[in-house]
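Asker: Starting from the known structure of chain A, fit chain B onto it as the hints suggest.
Residue-level listing of the chains:
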Amino acid sequence: MSVAPEEPEVLDRRLDAAALDRRLDAVWQTPRGLWAALATVDHKIIGRRYIATAFVFLALGGLLAVAMRLQLARPEARVMSADRYNQVFTMHGANMMFLFAVPVMEAMAVYLVPLMVGTRNIAFPRLNAFSYWMYVAGGIVLWGAFVFDMGPDIGWFAYVPLSGPQYAPGKRADIWAQMITFTEVSALAVAVELVVTIFKQRAPGMSLDRIPLFVWSMLVTSFLIIIAMPAIMVASTSLILDRLIGTHFFNPAEGGDVLLWQHLFWFFGHPEVYIIFLPAVGMVSTLVVTFSRRPVFGYLGLVLAVISTGILAFGLWVHHMFVTGLPRLGESFFTGSSMAIAIPSGVQIFCWLATLWSGRPVLKVPLLFVYAFLFTFVMGGMTGVMVASVPFDTQVHDTYFVVAHFHYVLVGGAVFPLMGAVYYWFPKITGRLMSERVGRWVAGLVFVGFNLTFFPMHLLGLAGMPRRVYTYPAEMQWGSVNLFISLSALVLASGFLLFFWDAFRSLRHGIPAGDNPWDAPTLEWATSSPPPSYNFARLPVVSSAYPLWDERDALSVATGLRPDRREVLVSSVADARPEARESSPRNSIWPLWTAIATSIMLVWSIFTPWAVVWGSIPIATALIGWFWPKGVPEDDA
Amino acid sequence: MTRRLLILAGLLALAACKREQREVRLDPPALDALDQVALMPNGIGGAPPDVLPALGRPYETNAYQLSQGKRLYGWFNCTGCHANGGGNVGPALMEGWWRYGPDVQSIFASIRDGRPHGMPAFKDKLTTEQIWQLAGYVQTIGTYAAKTAAPTRNDEMQSRPSESRGPAGADIAPPSR
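Quick mapping for you: the protein sequence lines, in order, are chains A and B. FYI, the numbering for the first sequence is 1 to 637, going by the working numbering. FYI, the numbering for the second sequence is 1 to 177, going by the working numbering.
Certain hints may be false.
Anything over 12 Å on all C-beta distances counts as not near chain A; from chain B, calculated [unchecked claim]:
id, residue
1, ARG3
2, ALA38
3, PRO41
4, VAL51
5, PRO53
6, CYS81
7, GLY85
8, GLY90
9, GLY101
10, MET119
11, PHE122
12, GLN130
What follows is a list of derived Cβ distance ranges for each label pair [as the list claims (entries may be wrong)]:
id, chain 1, residue 1, chain 2, residue 2, range
13, A, LEU490, B, GLU23, 27 to 35 Å
14, B, PRO28, A, PRO75, 20 to 28 Å
15, B, GLN158, A, PRO31, 55 to 63 Å
16, B, SER159, A, PHE375, 56 to 64 Å
17, A, PHE627, B, GLY87, 51 to 59 Å
18, B, GLU23, A, GLU254, 31 to 39 Å
19, A, PRO327, B, PRO102, 51 to 59 Å
Hints are computed from structural coordinates only; laboratory data are not their basis. Cβ atoms here follow ideal geometry from the backbone N, Cα and C, with glycine treated the same way.
In isolation and in its complexed conformation, chain B is listed as follows:
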C-alpha cells in the first residue's frame, strides 16, 4: 500500500513537473516532426505525429504552452470570427460540439489548412509549434473535462467562465442540432 502510494505520489510529481515546464526552444528535429500529422482522407481525425506523445503531449497538458495558445488566440484575431468562444460569423468553440472532431490533431489541421466556408489556413502565418499551442488552447475552450493546467480569466471584461473551470457547456444551454 505504502509503495503504491509512493509510486502514485511520484507519478503525480512527474506530471506536475511536466505541466509546469517552460520549453521555449524545442530541438530542431522535434520541431520538424511536429508537422507530420497523419489525417484521414477527409481531413478529420487520424493520428497525431509520433513526437507528440514522446514529448508528453505538452500542447494539451502544459500550462505554459496553453497560455501561449491563449495569447495567439488574441494576437491572430481568432476573436474576429469566433469571439471569446461563443461564435459569431464563425462557429462557437465553447459548447463542446466539434464539427471536425474534438481531437487535437483535427483542430491542428483546421488551423493549419483551413476549412470550407471561411476558416482560413494559418500555415503561412504561424510556425508549426504555434499552431499546436493554439490548437491545444482551442481544445480547452470546448473541453469535456476541467483541466487545471488550462489558463484562467483574462484581464478583460468577463465573457464566460475561464477555460480551467470547464467543462464546456456546463453553464450554457446545449445547442439544438
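Chain A with its partners taken away, still in its complex shape:
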C-alpha cells in the first residue's frame, strides 16, 4: 500500500513504535507558550478553540433570549426600550446563525473530519488558522458594537429599505453587513479545506461508499457553503456600498430593486438552514449507528438523501417571500419544491428508525438527545409543511407561529444532535467522559423546557401575535401565555446551564475515557483520546465502512511516509488509492497577522472607501510573509 520512495530518505517503516512516536511528535507538536499557541496550525487545537468560542456565543445569545423573555413576560413591560429590544433580537438572530450555528458545525468538522478520514492534518492548515481568527474578529466586532449601543437593529435578515441608507441611520447596519463578511470569509475557508480533505486525504481504501456519514454530510454542507455564501457576500457588500458611497443597488428610483435583496439573502438564507441541519444529520447518523450496535440501515439512501437535500436547498428560497406578491406560478413552484424537501427528510428519519428498531439500542445520553431530536424535528417538519402552503403562510407570516416553527427545526434539528455529539465526542477531545447522570438531567430539562417554551408560541402566532414586537397591550390577552413561555424559558436555560457546568467539571474531574469508550466503529477512535499531535503514528488502511468493528483486533496500516517533516498521504477521489506524499505546512504566525490586517481593513471600510485602498497594503504584506519560503523541508512539495 505504501508509495515506493525513489530517494534514500528516512521512512517510518524503518523505525519502531516508540522511535516513530518521538520523531513524529518532534515534527508535528505545538510547543508550549503563547507565541506557539497563536501560531499553531494543528486542526485539533484550532477545532477545540472554534468549538469553545462557538459555545461562548451560544451562551451569550442565550442570555439575549432570556432578556427578551423578561421583556415579553407581561404586557407593556419596561425591562428595556424598544430601541434596545430591536438590537437584542437582531443580535440574538445574527449571533445564533452566524456566530454559533454555522461555525460550531464547521468547528466540529475541523476537529473530527481529519481524524475520521484518517489523515494527519486538515488540508490548508494555515488557512484554517486564518479562518478561526477571522471568525473571532467578526464576533468581537458584532458584540463590541452591541456594547457601545451600536448593535445592529435591523433583524438578522436586514431587509432593505429599512436597513438601507435612508431608514437605518448611523453605522449599525454596516456592523451587521461587515460581520457577515468576517463570518463568510471564515466559513468559505473551512468549506474549501473540508472538501479537499475529504476528497484527497482519505485513508487508503476509504472509497466513497466507506466514508462515515458525518463526513458525507460535511462534504455536502461544504458545497452548500461554497455555493450559497457568495450570494450573501454580494448582498451585504452591495448594502455597504449603497450606504457608504451612495450606489443604487436597492434604490428603485434609480433602477435598483428592493426585492433583489430578499432574493440574494434567501438564496443564501435557505441553504443556510441546511448548512446548519445537514451536519446535525451526520451527527445523528453517527450516534444512531454507535448506540444501535449495528451498521446503519440504508447507507446509500442516507447519502442520497443528504445530497438531494443539498440540491433541493437551492430551489426553495422564495418560500420566505410568499407575501411579497409573487406570480401564481412562482408560488406554486416554490410550494411544491418546499414540500419536496420532506421526502429526503422522511427517508432519513425512517432509516434511523429502522436502524434503531433492528439494533440493540444502548440508552446512553447521546442517544437520549437523538430521541429528543427525532420528536422535536418531526414536529418542526410538520409545521414546515404547513407554512410551505401559501394561504396558510399568508396568515401566519411574521407571527410567533413562524418563530415556533424555526426554533423547532433549528434547536430540535441541530442543537439537540449537537449536544448529543458533544456528549459523544467529549472524551475524544478531552480524554474524559461527561457525567451520565448529569447528562440525563440535561437532556430532560432541555427537552421539556424547549417544548414548554416553544409549543405555546404556535398558539400565540395563530392568535395573531407578531414577531419582533417589544411589547403588546394587555387587551390582546396574550399576557398569560407569554408569562408561561417566559417561565418555561427559565427551565430551558437551567438545562443549558447544567450542560455548561457538566462540561467544565468533566474537563478536570470526568472519568478517564480510554481510547474508545463507546466501542464506536469509525477511525477517529482508532487513535488515543485525546489524539497525539500527528493523529496516527501509521496511517490506517480501511477495508469497510466500520473499520473498528470489522477489524477488531488489529487495524491494517500504511507505511512509507517521512517522519522528519510534516507529510500527509494524498489519495484518489473515488477509491482512495494512494497517489502521492504531500507536505503539510508548519506552524506560522502569519495567518494571525493576515487576519488582523484584514479585520482592520474591513472595519475601517465601514467609515471610508479609502480603507480598501490603504488597508490592502498591510494585507498584501502579511500574505507575502505567509507564503515566503522559510527554508524548511516542507517547502518542497
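Answerer: For chain B alone, coordinates are given in the frame of chain A:
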C-alpha cells in the same frame, strides 16, 4: 504610549456610543432649556443653549438625530424653496456659503424665527427639538468637513452626493460673490 492608545480607544468608543444612541424622549427640563439661544442683536451668531454641550451636541453629531432632521426636511417641504440643497426661490444650502452664519444656533434661529425675504418661521409648526434636528441636518448639507454620522443617500433620484460624503462645494463650482 500604550496608555495613551487605550485612552484614545476609550474616547473613540465613547464618541461612537454617543453617535449611535437613539434618545427618543428627552428630560422635560432639558427640552425647555433647548430654546434658550443667546443670539447677537442682529439675530446671527451668539451662543447655543448651555444644555446643548452638556448633552454632547447630539443634533450635530448623533446619527439618529441627523437622520430625523433629514426626514423633517422632506416632511416640512424645505425642498419647496431650497430643493435638495441646490436652491430654487430660496438660497442654496450646499455650497458652503451661509448668509446668516454657519453655526448651528444661527441656522436654528433661521428656522425658528424666519428670515427676511421669504423664510417663514417654523416655531408654531415644529417642536424645539425638531427644529434642532432640522438645523443639525441642514448644517450637514453645507458642511465644511465630511461627517460619518451624517445621513447618506435617499431612496430617490440622486440629485447630489450624500451629506456624509461632504464637504460642501467639493463637487460644484463655487458661487460668484
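Asker: Run every hint past the structure and note whether it holds.
Answerer: Structure-based check of each hint:
Listed as outside the interface, B/ARG3 is consistent with that label: its C-beta sits roughly 20 Å from the nearest C-beta of chain A, beyond the 12 Å cut-off. Interface exclusion of B/ALA38 from chain A stands, the closest Cβ pair being 30 Å apart, more than 12 Å. Residue-level check passed: B/PRO41 sits 37 Å from the nearest beta carbon of chain A, beyond 12 Å. Non-interface call for B/VAL51 relative to chain A: holds, since the shortest CB-CB distance, roughly 21 Å, exceeds 12 Å.
With 12 Å as the threshold on Cβ separation, the claim that B/PRO53 sits away from chain A holds: the shortest Cβ distance comes to roughly 20 Å. The Cβ of B/CYS81 sits about 22 Å from the closest Cβ of chain A, beyond the 12 Å cut-off, so the non-interface label holds. Look at B/GLY85: its CB is around 14 Å from the nearest CB on chain A, clear of 12 Å, so calling it non-interface holds up. The Cβ of B/GLY90 sits about 23 Å from the closest Cβ of chain A, beyond the 12 Å cut-off, so the non-interface label holds.
The beta carbon of B/GLY101 sits about 26 Å from the closest Cβ of chain A, which is more than 12 Å, so the claim that it is off the interface holds. Against chain A, the non-interface label of B/MET119 holds: every CB pair exceeds 12 Å, the least being about 26 Å. Under the 12 Å C-beta cut-off, the non-interface status given to B/PHE122 relative to chain A holds; the minimum distance is some 22 Å. No Cβ of chain A comes within 12 Å of the Cβ of B/GLN130; the nearest lies about 16 Å off, and the non-interface call holds.
Remark: the range hint 27 to 35 Å for A/LEU490 to B/GLU23 is upheld by a beta-carbon distance near 33 Å. Judged by the Cβ atoms, the range 20 to 28 Å given for B/PRO28 and A/PRO75 holds: they are separated by roughly 26 Å. Hint check: B/GLN158 to A/PRO31, Cβ distance near 58 Å, so the stated range 55 to 63 Å holds. The hint said 56 to 64 Å for the Cβ distance between B/SER159 and A/PHE375, and at roughly 59 Å that hint holds.
As the Cβ distance of A/PHE627 to B/GLY87 is approximately 56 Å, the hint placing it in 51 to 59 Å holds. The hint said 31 to 39 Å for the Cβ distance between B/GLU23 and A/GLU254, and at roughly 33 Å that hint holds. Our hint of 51 to 59 Å for A/PRO327 and B/PRO102 holds, since their Cβ atoms are close to 54 Å apart.
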